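Undergrad: Chains as they are written, first to last, in our numbering: chain A, 1 to 404; chain B, 405 to 913.
No lab work stands behind these hints: they were computed from the structure.
Be a bit skeptical, because a hint or two may be false.
[What the hints assert, rightly or not] Mimicking SDA-like on lysine to any residue, the simulated pairs with C-alpha atoms at most 20 Å apart in a straight line are:
#, chain 1, residue 1, chain 2, residue 2
1, B, 840, A, 73
2, B, 817, A, 115
3, B, 811, A, 114
4, A, 372, B, 734
5, A, 334, B, 840
6, B, 734, B, 461
7, B, 815, A, 121
8, B, 825, A, 73
In this text, all values refer to a predicted model and were calculated from it rather than measured experimentally.
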Amino acid sequence: MQNNLRILLCKGGMDGHTRPVRILARSLRDAGFDVILTDAYQSPAEICAQAIQEDPEIIGVSIHTRGHNRVFSAISKTLKEAGVFDDFALVAGGVITEGDYKTLNDLGVCFISSPGDSIADHIIPRLKEVGMAVSKNRIDAGELYSRMQQGGDTRALARFITLLANGNLTARQLLSANKIFPDPMTVGLSGSGGVGKSSLIGKLVNLLRKDHKLGVLCVDPCSASGGAVLGDRIRFQTYEITTDPNVYIRSLAARKVWRGVTRETPAIIKAMKIAGREIILVESVGSGQIDVGFKRIADTFIYVASPDMGDEMQMLKGGAIETADIIALNKADKDGVLGTEAALLSNFGGKPRKDGWTVPIIKTVSSDEKNKVCGIEELWEQVERHQKFLKEKPKKSRRTDRNG
Amino acid sequence: MADKGKILYTPELGYPGEYPFTRGIHKTMYTERLWTMRMFTGFDTAEATNERFKILLQAGQTGLSTAFDMPTLRGYDSDDPIAEGNIGLGGVAVDTLDDLEHLFKDIDLAKVSTSMTISGPAIVLLAMYFELAKKHGVNLASLRGTIQADPLKEFIAQKEYIVPPRASLKLLVDMIEYCAQYVPQWYPVSISGYHIREAGSTDVQEVAFTLADGIAFVEACLERGMNVDSFAPRLSFFFDFCNDWLREIAKLRAARRMWARIMRERFNPQNTRSLMLRMHVQTAGMTLTREQPENNIARVAMQALGAVLAGCQSLHTNSYDEEISLPSEKAAKIALRTQQIIAYETGITNFVDPLGGSYALEALTSEIEEEAFEYIKQIDAMGGMVAAVEQWFPQSEKEKASVEFQKKYDKGKIIVVGQNKFEEGEVPSPEFTPDKDVEEKQLVNLARVKNSRHSQKVKDALERLREAAERDENCMSYVMIAVAEYATEQEICDVFRDVYGIYHEPVSI
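Between the sequences and the hints, there should be enough to build the whole structure, so can you do that?
TA: See the structure below:
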């Protein structure tokens, strides 16, 4: 199998016992799966919305509260109503007694694991089996493409992205052939680990989703095994965000990191535009060296920093931060923020660049504590200002990598 | 016998009832008074749970312990869409004071001590219980019981949080402060290691993280301006009793000795009772199997024996069917009888700390204490437990341990009788079946309560609560006024969500 099997893995319903799924996620990653881990308390509505957006082969729901009949009944119903029931393999785990197996099987669950099952000897082989059975049923790229073009068909967009991510040539050709398409601005976000990038993205999503159709792309690197745990969306999504048709979130595993994302990312961004997404946010792979090439992926590049950077600032010189259009100084309620702001200004901002743009430093707080949140609107104002700045320049100076 | 005990005196061990309390917090322990037999109970409606409470009291349990359903534990009412399918499933549903009235019908709150296992919305349930006591004419000054309330272990393990860590801590101090003044016999917190252990931590981590949580709570109360002796005697703890029997007993003794040292060295109380670690213990849920469930009776018996030999003040024993369902009445009774057999038949209650002096036990106690103090040193260096939780330290340590455990299990290095060795037979069907009509009953009742209450008074009470929260006042009495008017749990929690924000876990893997 050339491409990794993908599994959406979560706790179903009001269940917070995350120990088993977090262990299983690692094991699956080590066995070569891409695991979209969305953790605790996932309602059926959220599970289905995520499945449709992420297009995994397998939906894996673990339930220890004995609420499995209700949860799977709701999942089955919702998937059937969306016409996508046959697109996924449904698997279950948790505290499920044999007496309920028939009920679950009738609802479409094709594998049920019990506590004490060997992950390596029993669960993983079975998941590979059921996942492979599904991936054989992929539909035609052309059909997906025309459905996608009409806009509003999340499922078609999701499946088309899967084709692109897997290197499907027909899909690429269909995309390249399209020279006339809506071309909204894209915003890239990057920054070291621990700066609160994900919660900042969450605040931006909440700000924008009322009036705009958003596309959000989160990229994570693969481990040495070739598999990946894709755990970005869970860091900022809420029930409202996940189930809002205005928000499309997709997680990507980077088998090989290219420009902070993947080689297929520009094509995927273009697909989102064709499908009618009006604002596209791209989150690069997390901590570690942030690629200077990342700026070519988006129109506006926000670099996210935080006051605990300290000595790190010297190490960042010559790196991606020098290519940022805006610097968001997050966790601005922490000590040392003014010093960090001054240092950032003197090193990376303050003066106009060669292209005429002056990089602003915007202080933000994206904490859970409502009365502390600030700077989000100001940040977005700067993005809009930068986009206006770009529009007023001649066309050739817009970055060429954005659309694959 | 007392004279012969002198042979064992060392400063490390001390005497029972004396610093550092390694051998027990009371001089006479069970020779004078047994531990409280407190069976964790809750399912379906308040009426159903009330019946089970009474059955178990009749059967000889000596304290009550309440299990709530998930919506209640997370601060949602039964009529919120998120609650659908979860009402009464893992515990009893409580939306308003009315439910609590049914829950404790015909039970004399003056005579029984009640423990309530709830943390995120703890302040609401505590307020409801106190209002209920007042309605029953019970003087708050003599009311006895415990509420779990420990917020930090939620972020580390149980995940039943609502507002972010610092706000959660503030609400806890509100409860402790209120009780210190008005309900002095109440234990306003049960600082918990059980959940951390069940989520996969090691025994050393269980002790270290629990005591570090305790340090954070003491510091928060002192910051509020309270005197340490005004609240420390009413701090209680809650630990697991797992496999590796001697180590588990050693762990509990180490915890007692460590806490005494911590309290004396850091906080210098005047009252000896502020140095004592009072503990409730539960036999380990994660050791139970669904295969050959009767084996669980043997497991629980041995774990319970260990907990008693370790000197616990209160004990819950799991039922043999809990790996496949909530406890049936029959299974719950067997679990209670297990405790009674230990208490009345084994004769160990005639001795105080009979295992004291065992070379293996004392070596293990010191080893666990040493390793646990290493963790506490690390946590101190991070700025204390709240900072450590915000930096994801205990969470990641616990998770590493859980991955290690799974690896060992997968390699066959951990043997579970009946599950990966000596397997035979089919997994039986559960004996307990939940009430199919519980959702409807609860929704009908909630609607009735909402319709018959004075909605303007509720609005006013919630508004005053919000103002108090925004002014950073102690919220306890405002919550009590609101629950007395039959404000719902979610209505009150929504005020907190609004004022303090909703916690979002910041890390994946």
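Undergrad: Residue 334 of chain A and residue 840 of chain B: Cα distance at most 20 Å?
TA: Measuring from Cα to Cα gives roughly 51 Å; hence the hint is violated.
Undergrad: Assess, step by step, whether the Cα of residue 840 of chain B is no farther than 20 Å from the Cα of residue 73 of chain A, and give holds or violated.
TA: Given pair residue 840 of chain B, residue 73 of chain A holds - Cα atoms ~16 Å apart, limit 20 Å.
Undergrad: Are the Cα atoms of residue 817 of chain B and residue 115 of chain A separated by 20 Å or less?
TA: 17 Å, holds
Undergrad: Given the hinted pair residue 734 of chain B and residue 461 of chain B, is their alpha-carbon gap at most 20 Å?
TA: 14 Å, holds
Undergrad: Under the criterion that the straight-line Cα-Cα distance not exceed 20 Å, is the pair residue 815 of chain B, residue 121 of chain A satisfied?
TA: Measuring from Cα to Cα gives roughly 11 Å; hence the hint holds.
Undergrad: Under the criterion that the straight-line Cα-Cα distance not exceed 20 Å, is the pair residue 811 of chain B, residue 114 of chain A satisfied?
TA: Within the cut-off at roughly 17 Å; holds.
Undergrad: Residue 372 of chain A and residue 734 of chain B: Cα distance at most 20 Å?
TA: 53 Å, violated
Undergrad: Decide if the proposed pair is consistent with the structure: residue 825 of chain B and residue 73 of chain A, CA atoms, cutoff 20 Å inclusive.
TA: Between residue 825 of chain B and residue 73 of chain A the Cα gap is close to 35 Å, so the pair fails against 20 Å, i.e. violated.
Comparing the model with each earlier hint shows violations of hints 4, 5, 8; every other hint is respected.
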